[in-house]
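**Student:** Chain by chain, the residues run as shown.
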Amino acid sequence: MYNFAYHRPGSLAEAERKLKAAADGRLLAGGQTLLPTLKQRLAKPSDLIDIGRLAELSFIKADGRSVQIGATTRHATVAASAEVRKAIPALAKLAGGIGDPQVRNMGTIGGSLANSDPAADYPAAVLALGATIHTTERAIAADDFFKGLFETALKPGEIIKSVSFPVPEKAGYMKFAQPASRFCMVGVFVCKAGSGVRVAVTGAGPCAFRQSAMEKALASNFSAAAIESVKVSPAGLNADIHCSAEYRAHLVGVMARRALTEANG
Amino acid sequence: MTETGIGARVKRKEDFRFLTGQGTYTDDINRHGQAHACFLRSPHAHAKLGAINAAKAKAMPGVLAVFTHADLAADKVGGVPCGFGLTQKNGKPQIEPPHPALAAGKVRYAGDAVAMVVAETLAQARDAAEAIEVGYSELPAVVDTAGAPRAKSAVHDEAPNNVCFEWEIGDKAKTDEAFAKAANVSKLEFVNNRLIPNAMEPRAAVGEYDRATGNYTLYTTSQNPHVIRLLMGAFVLAIPEHRLRVVAPDVGGGFGSKIFHYAEEALVTWACRKVGRPVKWTAERSESFLTDAHGRDHVTKVELATDREGNFLGLRVHSIANLGAYLSTFAPMVPTWLYAPLFAGQYRTPAIHAEVIGVFTNTSPVDAYRGAGRPEATYVVERIVETAARDLKLDPAEIRRKNFIAPAQFPYTTPVVLQYDSGQYALAMDKACQLIDYKNFAKRKAEAEKRGRLRGIGFSAYIEACGVAPSAVAGAIGARAGLYEAGVIRFHPTGSVTVITGTHSHGQGHETTFAQLVSDRLGVPYDSIDVVHGDTDRIPFGMGTYGSRSIAVGGSALSKAMDKIVDKGKRIAAHLMEAAVQDIEFKNGAFRVAGTDKQKTIQEVAFAAYVPHNYPLNELEPGLEETAYYDPANFTYPAGTHIAEVEVDPQTGQVEVVDWAAVDDFGNVINPMIVEGQVHGGIAQGIGQALLEGCVYDDRSGQLVTGSYMDYCMPRADNLPSYRVDMTHTPCPHNPLGVKGCGEAGAIAAPAALMNAITNALGIKDLAMPATPERVWRAAQARGARAAE
Numbered sequence: 001m002y003n004f005a006y007h008r009p010g011s012l013a014e015a016e017r018k019l020k021a022a023a024d025g026r027l028l029a030g031g032q033t034l035l036p037t038l039k040q041r042l043a044k045p046s047d048l049i050d051i052g053r054l055a056e057l058s059f060i061k062a063d064g065r066s067v068q069i070g071a072t073t074r075h076a077t078v079a080a081s082a083e084v085r086k087a088i089p090a091l092a093k094l095a096g097g098i099g100d101p102q103v104r105n106m107g108t109i110g111g112s113l114a115n116s117d118p119a120a121d122y123p124a125a126v127l128a129l130g131a132t133i134h135t136t137e138r139a140i141a142a143d144d145f146f147k148g149l150f151e152t153a154l155k156p157g158e159i160i161k162s163v164s165f166p167v168p169e170k171a172g173y174m175k176f177a178q179p180a181s182r183f184c185m186v187g188v189f190v191c192k193a194g195s196g197v198r199v200a201v202t203g204a205g206p207c208a209f210r211q212s213a214m215e216k217a218l219a220s221n222f223s224a225a226a227i228e229s230v231k232v233s234p235a236g237l238n239a240d241i242h243c244s245a246e247y248r249a250h251l252v253g254v255m256a257r258r259a260l261t262e263a264n265g
Numbered sequence: 001m002t003e004t005g006i007g008a009r010v011k012r013k014e015d016f017r018f019l020t021g022q023g024t025y026t027d028d029i030n031r032h033g034q035a036h037a038c039f040l041r042s043p044h045a046h047a048k049l050g051a052i053n054a055a056k057a058k059a060m061p062g063v064l065a066v067f068t069h070a071d072l073a074a075d076k077v078g079g080v081p082c083g084f085g086l087t088q089k090n091g092k093p094q095i096e097p098p099h100p101a102l103a104a105g106k107v108r109y110a111g112d113a114v115a116m117v118v119a120e121t122l123a124q125a126r127d128a129a130e131a132i133e134v135g136y137s138e139l140p141a142v143v144d145t146a147g148a149p150r151a152k153s154a155v156h157d158e159a160p161n162n163v164c165f166e167w168e169i170g171d172k173a174k175t176d177e178a179f180a181k182a183a184n185v186s187k188l189e190f191v192n193n194r195l196i197p198n199a200m201e202p203r204a205a206v207g208e209y210d211r212a213t214g215n216y217t218l219y220t221t222s223q224n225p226h227v228i229r230l231l232m233g234a235f236v237l238a239i240p241e242h243r244l245r246v247v248a249p250d251v252g253g254g255f256g257s258k259i260f261h262y263a264e265e266a267l268v269t270w271a272c273r274k275v276g277r278p279v280k281w282t283a284e285r286s287e288s289f290l291t292d293a294h295g296r297d298h299v300t301k302v303e304l305a306t307d308r309e310g311n312f313l314g315l316r317v318h319s320i321a322n323l324g325a326y327l328s329t330f331a332p333m334v335p336t337w338l339y340a341p342l343f344a345g346q347y348r349t350p351a352i353h354a355e356v357i358g359v360f361t362n363t364s365p366v367d368a369y370r371g372a373g374r375p376e377a378t379y380v381v382e383r384i385v386e387t388a389a390r391d392l393k394l395d396p397a398e399i400r401r402k403n404f405i406a407p408a409q410f411p412y413t414t415p416v417v418l419q420y421d422s423g424q425y426a427l428a429m430d431k432a433c434q435l436i437d438y439k440n441f442a443k444r445k446a447e448a449e450k451r452g453r454l455r456g457i458g459f460s461a462y463i464e465a466c467g468v469a470p471s472a473v474a475g476a477i478g479a480r481a482g483l484y485e486a487g488v489i490r491f492h493p494t495g496s497v498t499v500i501t502g503t504h505s506h507g508q509g510h511e512t513t514f515a516q517l518v519s520d521r522l523g524v525p526y527d528s529i530d531v532v533h534g535d536t537d538r539i540p541f542g543m544g545t546y547g548s549r550s551i552a553v554g555g556s557a558l559s560k561a562m563d564k565i566v567d568k569g570k571r572i573a574a575h576l577m578e579a580a581v582q583d584i585e586f587k588n589g590a591f592r593v594a595g596t597d598k599q600k601t602i603q604e605v606a607f608a609a610y611v612p613h614n615y616p617l618n619e620l621e622p623g624l625e626e627t628a629y630y631d632p633a634n635f636t637y638p639a640g641t642h643i644a645e646v647e648v649d650p651q652t653g654q655v656e657v658v659d660w661a662a663v664d665d666f667g668n669v670i671n672p673m674i675v676e677g678q679v680h681g682g683i684a685q686g687i688g689q690a691l692l693e694g695c696v697y698d699d700r701s702g703q704l705v706t707g708s709y710m711d712y713c714m715p716r717a718d719n720l721p722s723y724r725v726d727m728t729h730t731p732c733p734h735n736p737l738g739v740k741g742c743g744e745a746g747a748i749a750a751p752a753a754l755m756n757a758i759t760n761a762l763g764i765k766d767l768a769m770p771a772t773p774e775r776v777w778r779a780a781q782a783r784g785a786r787a788a789e
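Sequences listed follow chains A and B, in order. Residue 170 in my numbering sits at position 170 of the first sequence; the count goes up by one each step and never skips. Residue 81 in my numbering sits at position 81 of the second sequence; the count goes up by one each step and never skips.
None of these hints come from the bench; they were simulated from the model. Beta carbons: idealized from backbone N, C-alpha and C, even for Gly. One thing to keep in mind: the hints can contain errors.
[Unchecked claim] Which chain A residues face chain B? A few, computed with CB under 8 Å, are given here:
{"no.": "1", "residue": "42"}
{"no.": "2", "residue": "176"}
{"no.": "3", "residue": "181"}
{"no.": "4", "residue": "243"}
[What the hints assert, rightly or not] Counterexamples of contact, computed for chain B against chain A with all Cβ distances above 12 Å:
{"no.": "5", "residue": "123"}
{"no.": "6", "residue": "158"}
{"no.": "7", "residue": "252"}
{"no.": "8", "residue": "253"}
{"no.": "9", "residue": "445"}
{"no.": "10", "residue": "482"}
{"no.": "11", "residue": "653"}
{"no.": "12", "residue": "694"}
{"no.": "13", "residue": "705"}
{"no.": "14", "residue": "716"}
{"no.": "15", "residue": "786"}
I would like the entire structure built from these sequences, with the hints used as guidance.
**Tutor:** Listed below in structure tokens is the structure:
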């Protein structure tokens with residue numbers, strides 16, 4: 001780790017000011033990606049602004065039509081939340097399957113989204129549920145948020161405050177974990193809501209993306225059988241020592257069908 | 001059996017210390033005025049080393065010194081020695097290029113140490129290391145094991161075709177003859193995948209020099225501190241043994257990787273005198289991945305000749321073994337003498353011939369890793385036996401039973417030099433079949449199919465050779481050290497006992513097992529016995545712990561020392577009770593005059609020996625302490641049968657290990673709970689190799705791709721089944737305890753059992769390890785395509 005200045009602001013407003021004032025400042029929430037990166041000396045920020053303990057960013061509220069989750073809410077909190085489990089059980093399940101207990105006790109939803117790791121779980125849920133990301137500057141629709149590999153619509157100095165998830169009729173999530181890291185090799189979130197059917201894939205591409213062929217096939221029949229014949233193209237999918245693009249494409253189909261079975265279960 | 005004696009499931013006395021965080025590991029040791037070292041390591045797999053400019057680094061805050069090879073050369077610091085000298089099949093010695101402690105002229109693997117920085121703090125040392133400028137001119141990297149002899153680049157000038165040795169064993173003509181008359185020849189070609197050891201505790205070393213006495217102390221993460229003292233003192237730093245103390249305190253796992261003498265140990269010991277401060281180095285996990293000696297990495301062709309009924313006639317094996325960039329301590333021994341002599345397995349195969357080519361590559365050195373040669377051998381034998389069973393349409397249990405060496409045939413001399421001591425192979429096979437309910441496997445397979453799962457079963461009837469011995473034989477084949485063990489039994493005046501052993505415990509539970517052994521034999525309460533290991537100043541000598549040798553060799557040394565204690569005790573007791581020595585019996589901790597109720601406890605005898613007011617001083621020395629050295633007559637040969645059952649999800653390629661039966665024969669067992677723990681851990685490592693772990697270097701650049709836990713897959717609890725573990729007990733006839741050794745069995749047996757099960761489930765001949773989901777999925781796809789045709 002290189003030296004850096006550490007700040008623990010008392011409010012979001014103060015955090016914003018500190019971040020803007022720093023030469024090369026980074027926000028620290030759960031630190032589950034940032035700290036290992038620093039320990040390996042792969043990043044050299046001038047300042048760390050720790051927002052992990054800001055009470056105003058840690059909450060879960062549900063009103064029957066949507067669930068709002070504060071940006072620094074820990075994965076374990078989401079997984080255990082009675083409101084989330086009642087309103088969107090697939091989201092609670094997803095949160096409960098991220099990393100290991102240590103990661104879930106520290107990692108935050110805002111940190112995960114802002115990082116946009118191609119193998120993170122949350123982006124699949126955000127995209128499939130049609131969530132909205134509320135920042136210090138605006139509200140960003142999920143469809144506009146993920147831009148590429150570790151790249152989002154967030155501008156420098158912009159901080160995620162919360163995420164609001166519309167409550168769906170049905171939803172399911174299934175992932176195939178990369179054996180070593182247990183990150184998503186392929187994760188598929190399926191959702192049926194008043195606004196239609198959405199299918200989002202994580203782990204397979206540079207960032208989470210929607211699978212429109214499946215969405216079309218599921219529009220009239222939200223079942224595993226309806227997508228049996230949907231071919232997933234390996235073009236543009238990730239390939240690494242654990243998984244070729246072709247195998248990933250195949251797993252997208254299998255995980256989608258299993259997610260559907262779960263959503264309908 | 002007493003509650004704490006031989007055969008009792010005593011809870012480990014060391015665990016309180018470990019589980020409450022009170023162990024003392026090398027990194028816990030901090031000496032007054034200690035400075036910190038870090039190593040600048042080559043980012044390239046193969047490159048010419050140009051100028052090294054450390055001027056800027058030396059001027060940075062807190063920096064005490066920056067050392068490169070030039071500094072070592074100026075001080076005449078030697079290279080890292082190899083502890084084994086193999087003779088090639090042409091009679092010439094192995095090619096043994098220099099292994100400089102810091103790279104000289106060239107770097108030969110990504111991670112090769114180029115410079116050492118010593119600073120007040122670790123962060124300062126790291127900052128300075130980054131400021132060192134090194135001129136590299138890259139050379140093509142030699143990465144592929146099988147391709148190394150044909151590579152355009154040479155890792156060492158001394159070995160222009162990258163071949164370190166060509167070696168053979170067995171009777172080629174006789175084997176060719178067997179193949180000529182065979183009704184069936186089964187063949188396989190495969191890779192025994194390279195593994196990275198990953199002990200929980202990374203390597204660490206603290207060097208300290210006492211100017212007043214001229215004595216050096218090295219604290220290090222070692223499985224054998226005396227061997228390190230010998231190699232480092234004699235070959236690297238020219239420090240005589242009486243001036244060098246090596247301490248291996250609590251060590252958090254070794255699995256072989258901490259047997260070897262590593263350059264960092266010598267460098268902290270040398271540097272601490274140069275800078276006049278104790279120097280500590282602790283590997284980061286990434287350094288462990290890059291620089292701990294790796295394991296396995298063979299490319300093998302095997303053929304088994306049989307008659308029509310499945311009787312084995314001959315076995316032919318050809319392997320290319322990757323040795324990495326430099327010869328690590330036992331590197332040449334592992335893929336030769338610890339490998340090919342095991343090719344008879346548990347069978348009467350009459351003719352065997354094997355050739356092994358050892359090659360240099362631009363990868364981390366490769367050396368012994370749990371099982372060391374024997375897992376590779378078992379994989380060869382048990383995969384080809386399974387293949388022959390399938391080729392001949394014979395039951396896999398039956399073909400094995402048909403060829404087993406029978407109990408009456410022991411001692412049994414194989415065609416590949418070994419003389420097996422004892423065994424009951426069919427008995428272990430029968431028990432394992434019962435444990436897993438082999439006869440109802442077809443039912444389970446049918447039931448799994450209804451759930452869309454492919455169920456498979458696989459056998460592995462392994463043998464291993466433990467406690468490498470005797471020294472004279474080891475020396476004749478090339479070992480540059482003896483392979484005996486030393487032990488001391490020291491009674492204290494009031495009757496408690498310190499047991500001193502040259503073996504080393506780094507997870508094996510010796511403090512418990514050896515205390516049980518001594519308590520049982522001498523009748524001293526278990527809690528009055530303490531076991532000392534891991535310090536060259538406290539222990540006469542020792543070869544350490546590896547190759548499942550500690551109880552068979554170290555325990556036997558203690559047994560001999562206890563015989564001496566009893567002999568002396570009898571003479572003291574005879575004097576105290578005014579009886580003849582030949583009338584004294586020793587039992588349950590007391591010396592008794594035969595046929596009377598006169599007795600003296602061993603504690604009373606010890607007291608008399610240390611407070612010799614009434615003592616035969618003209619005949620006997622005071623004190624009750626005995627030392628023994630034990631050099632075994634032979635290896636011991638644990639063996640057994642493991643059976644794995646798996647279920648494959650053909651849609652995803654996910655393999656679930658659903659059941660496991662292990663029946664092992666370790667001879668007599670001191671603590672069954674500890675032994676079962678060793679079996680469990682060994683199987684976990686074997687499952688790791690077969691299913692999860694695979695070290696990957698980039699073919700072109702030689703960069704380690706699996707350099708962290710993000711990409712190198714270690715087994716986790718949820719990858720493993722609940723094991724069904726049982727034993728047979730065929731005592732070893734040639735050591736006083738009848739024990740054989742249990743540390744490696746699981747890792748030796750498991751990969752073949754698991755791959756036999758997976759290929760059985762998929763109905764295919766072979767699959768590469770590790771059986772990753774994608775590999776299994778592709779095999780399942782191909783199978784589905786075949787079925788559809």
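**Student:** For each hint, tell me whether it holds in the structure or not.
**Tutor:** Hint by hint, here is what the structure shows:
{"no.": "1", "hint": "42", "result": "violated, 11 Å"}
{"no.": "2", "hint": "176", "result": "holds, 6 Å"}
{"no.": "3", "hint": "181", "result": "holds, 4 Å"}
{"no.": "4", "hint": "243", "result": "holds, 6 Å"}
{"no.": "5", "hint": "123", "result": "violated, 7 Å"}
{"no.": "6", "hint": "158", "result": "holds, 33 Å"}
{"no.": "7", "hint": "252", "result": "holds, 19 Å"}
{"no.": "8", "hint": "253", "result": "holds, 19 Å"}
{"no.": "9", "hint": "445", "result": "holds, 23 Å"}
{"no.": "10", "hint": "482", "result": "holds, 41 Å"}
{"no.": "11", "hint": "653", "result": "violated, 8 Å"}
{"no.": "12", "hint": "694", "result": "violated, 8 Å"}
{"no.": "13", "hint": "705", "result": "violated, 6 Å"}
{"no.": "14", "hint": "716", "result": "violated, 8 Å"}
{"no.": "15", "hint": "786", "result": "holds, 18 Å"}
Violated hints, listed in ascending order, are 1, 5, 11, 12, 13 and 14; each of the other numbered hints is respected by the structure.
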